[in-house]
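From these two lone chains plus the hints, build me the complex, please.
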Amino acid sequence: MSIASILKFDRVSCTAQPPYEQDLAGVSLALGPGDLGVVLVPPGTARLPLADLAEGLLIPDAGMVAFEEEDWLEWTPDDAAAARSRIGRVFETRGWISNLDVDENITLAQRHHTSRPVAELEQEAAALARGFGLTELPRVRPAVLRSAVLRRAEWVRAFLGAPALILLEFPLREVYVDALDGLVLAVQAARARGAAVLWLGDSSGDGARAAALPGAQVWTLSGARLLRTGAEQNPAAPAPAAGFASPAAEH
Amino acid sequence: MSFLGHMGEGWMDKIRRWRHIAAVMGAVFAAAAQPRYWPRTTRNVFARQLLFTAVEATRFIALVAFMVGISVVVQFQYWLTKLGQSHLLGPALVMVVVRELGPLLVNFIVIGRSGTAMAIEMGSMKLSGEVRVLDAQGLDPFTYLVLPRVAGAAVSVFCLTMVFIVVSFISGYFSGVLLGASTGHPRLFIQSVFQAVAKADVFNVLVKTVVSGAMTGVICCTEGLSVGAAATEVPQAASRAVVRSVAALFVISALVSLLTYL
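Chains as they are written, first to last, in the working numbering: chain R, 45 to 295; chain S, 44 to 305.
Extracted from the complex, chain S is given alone in its bound form (with noise of 0.2 Å):
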C-alpha cells in the first residue's frame, strides 16, 4: 500500500472508532430514558458506579477544590482589589473557575480514579469470559454493564463540578480574609458571583460535565470490552482509554466554550 494509502487507512480508522463511540453514546442517551433498560439490577449496578465514582471521590475533589481556592480565588480576589476593580471579581470567577477549571480538573480526576477503573474491569471480566457468562443468563452487557456506568460517570462528574465550585469559593473566600485581601461581605462576594453567573453558563457547565463524564464512560466501557484474548492487552485498552477521554474532553470543552461564548 501507498504512504498516502496507509495514512488514508489510518484516518478511517480514526473515524470509523468515534464514530462507533457516538453512536455508543447515542444509544446510551437514548436507552438512558427507557424504564425498560432500567431493572432492579442496572440501577443496583449504577448505585454502586455513584458511590465509587461521586461518593468517594468527594474528599479528594473537596481537597484539591480548596487548594484551587487558595491558589487562584485569593489572587483574583488580590489583583481586582489592588487594581479597583473588585466588582468584576464575580465575572472573573464565573469565567475562570465555574466554566473552565471546575468541570475540566472534575473530568481529569474522573477520568484518572474511574475511567482507568472502568476499562481495567471491563477489559478483565471480558478476558474471564465473564461477559459470555452475563450474555448466557440474558443480561445484555450494553445494559448491564455500559448504561449503569456511563450515566454513573455523567451524574457524578456533574455533582462533583458542583462540590468543586462551591469549596473553592468558599476556600478562597475565606483564603482572602486571612490573607487581607478580600474587601467585601461574603453576601456581597456571593451576589456578585451568583450575578455573574449566566443561561450560557449553565448550559456550558451542564454539557462540560454531563456530556464529558459521559464521554468517558463511553471510551473507557468500549476500549475495555475491546480486549481479545491476552492479558496484556488489558493496561493496553486502560492506557488507550485514558488518552481518548482526556482528548475528547478537550476537544468537547473547546467545542461547547467556543459555541456557547462566541
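One chain only, chain R, in its complex shape (with noise of 0.2 Å):
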C-alpha cells in the first residue's frame, strides 16, 4: 500500500513548555515519500517543539499531526512506538543513553523493534558510519566522546534501519562543515528509496544549503509561525546516490 502523506502537520499550535520555549502557532506541512522539508530558523531562535510533534511526543494545543496519513491521537501506545521506530532523528542536544555504549545506543532502536541479527546491524550501521567520516563504530560511551563524533554517530543512529521519516535538529551543529557531504548523500539516498526528511537547520548555516538541495521544500521560522519560501526546484526524488544504497527495508 503507497502513502501519500509520511507526515503532515495540519494548522498545528502548541505552546511551548520546557524543555522548549518557542511557541508555534497555525503551522501546516506535509511530507510525502521522498520529500525534503527545510525549515530555516533564525539564529538565536529558542528551542523549537517541532520535532516531538512530529514524532507525536506532544500534544498541540489545536490541529493535528499525522504519521503515516494516521492522527498521532488515534494510535494506541504500543503502536505507537512501533511507528516511532519507523522514525530516525537527529536530537537538537542530548540523544543518549548514558549508561550504553555509542554502537549498542545506535542499534537500541532496531534491535528493540526487530529480530534483526545485531551482527546485521553493526554491519549497516559500519557502512553509514564510513560514509559520515567515522572509521569504525565507537563502542565506549558516549561521554568520553568528542561532540563532532557523537554527532555524525547520531546521523548513522538516524539513518540505520531505513526509515519513513527522518528528522534532522540542526544535525551540523559541532560538526565541521566538511562534513556535511556525507550528509547530503545519505539524505538524498533516503529520499531516492521513498523517505521523507525533514531538516531543522541555521537559516545562516546548514539550513540554507540543505534549502539548496533540489527538491526541497523550505519554511522559515518567523515568530511563533512558519512561512512557505519558495518554490520546489525540482520535485522530483533524487536517484540513489553511491555509497548510500538503500539497507533492507523489511525488519
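Bear in mind the hints are in silico, worked out from the structure with no lab data behind them. There may be inaccurate statements among the hints.
Pulled a few chain S residues facing chain R out of the computed Cβ check, cut under 10 Å [claimed, not checked]: (1) Gly181; (2) Tyr187; (3) Ser235; (4) Ala272.
To give an idea of the interface, some chain R residues facing chain S are shown, with a C-beta separation under 8 Å as derived from the structure [unchecked claim]: (5) Trp116; (6) Leu117; (7) Arg133; (8) Phe135.
Using N, Cα and C, we set each Cβ at its ideal position, and we do this for glycine too.
See the structure below:
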C-alpha cells in the first residue's frame, strides 16, 4: 500500500513547555515519500518543539499531526511506539543513553523493534559510519567521545534501518562543515528509496545549504509561524547516491 | 483550607500515590507474563539488573548470613539443647530465619544497595532527557526501564533469600559444633529443618521475597521517574524511595504473616 503523506501538520498550534521555549501557531506542512522539508530557523531562536510534535510526543493545543496518514492521537500506545521505530532522528541536544556504549545506542531501536541479527545491524551501521567519515562504530560510552564524533554517530542512528521519516534537528551543530557532503548524500539516498526528511537548520548555516538541495520545500520560522519560502526547484525525488544504497526495508 | 481539609488532602494524596504504585505493580505482573513485552533489549536490561542486584550482592549477603548464622542459629542450638528441647530446633529456625529474618534482611539490603541506585538512575535519566530519547525511538519507558528492573529485583530478592537461608544454617550449624552447642549429626539438623517447613512457609517466603522485591522496584522506579527539572530532586526522590520501600516491606511482611499463620 502506497502512502501519499508521511508527515502532515494541519494548522498545528503548540504552547512551548520546558525544555522548549518557542511557541508554534497555525503550522501546516506535508511531506510525502521522497520529500525534503527544510525549516530555516533564524539564529538565536529558542528551542522548537517541532520534532517532538512530528513524533507524537507532544499533543498540540490545536490542529492535527499525522504520521503515515494517521493522527498520532488515534494510535494506541503500543502502535505509536512501533510507528516511532520507523522514524530516525538527530536530536538538537542530548540524544544518548548514558549507560550504553555508542554502538549499543545506535542499534538500540532496531534491536528493540526488529529481530534483525546484531551482526547485520552493526554491518549496516558501520557502512553508514564510513559514509559519514567515521572509521568504525565507537564502542565507548557517549560521555567520553568528542561531540563532533557523537554528532556523526547520531547521523548513523538516524539513518539505520531505512526509516520512513528522518528528522534532522540542527544536524551540523558541533560538526565541521566538511562533513555536510556525507550527510547530504545520505539524505538524497533516503529520499530516493521513499523516505521523507524534515531538516531543521540555521538559516545562516546548514539550513541554507539544505534549502538549496533539489526538490527541497522550504519554510522559514517567523515568530511562532512557519512561512513557505520559494518554490520547489525540482519536484522529482533524487536518484540513489553511490555509497548509500538503501538497506533492507523489511524487518 | 481548614485544618481538617489539609489533613484530608494529605490522606487523599497518600491514597492516590499508593493507588498509582498498585496500578504500576499490576501492570508489571500483567506485562511480565506476555512475551511481546520481552524484546531482546528488555531481556538485556533484565540480565544486567540480575547481575547487579543478585550476583554482585551474593558475597555481601553471604557474609551477613554467615554472621546471622553465628549469632542466631547457634543461640537457638545452645538454649534448646540446654532446655532439652533440641527437637524444636527445626521449627524455631524456620520460624525466625526462614519466615522473617531472611526475607526482611535481604529486602533491606536490596533496598539500600539497588533500590537507591534504581531511583537515582531513573531520576538522572529523566532529568537529562534520556527518557524522552527512549520514547522518541519508540522504546516505551515502562517496557524498557521499569519492567526489567522490577522483575530483576523480584527474582533477585528471592534468590538472595535462598542463599541467605542456606548460608546462615550452614554457618550456624558449624559454629554450634565449634562452640560445643551442637548435639546432632548434620543429617538430623537438615532433617529437623525440612520437617518444620510447611506449605504455608513456602507461600510466605515467596510472597515476602517476590512481592516485596517487586514493590521495591516499582517504588524506586516511579519515584525516580517522578523527578521534574531540578537536579536537587534526584536525591530527594532516592530518599523517598527508600523510606517508602521500607514502609511497604514492613506492611507486606506483617500482612503476609497475619494471613499465613493466623
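Structure-based check of each hint:
no. : hint   : verdict
1   : Gly181 : 3 Å, holds
2   : Tyr187 : 7 Å, holds
3   : Ser235 : 47 Å, violated
4   : Ala272 : 6 Å, holds
5   : Trp116 : 12 Å, violated
6   : Leu117 : 16 Å, violated
7   : Arg133 : 6 Å, holds
8   : Phe135 : 7 Å, holds
In summary, the structure is inconsistent with hints 3, 5 and 6 from the numbered list given earlier, while agreeing with the others.
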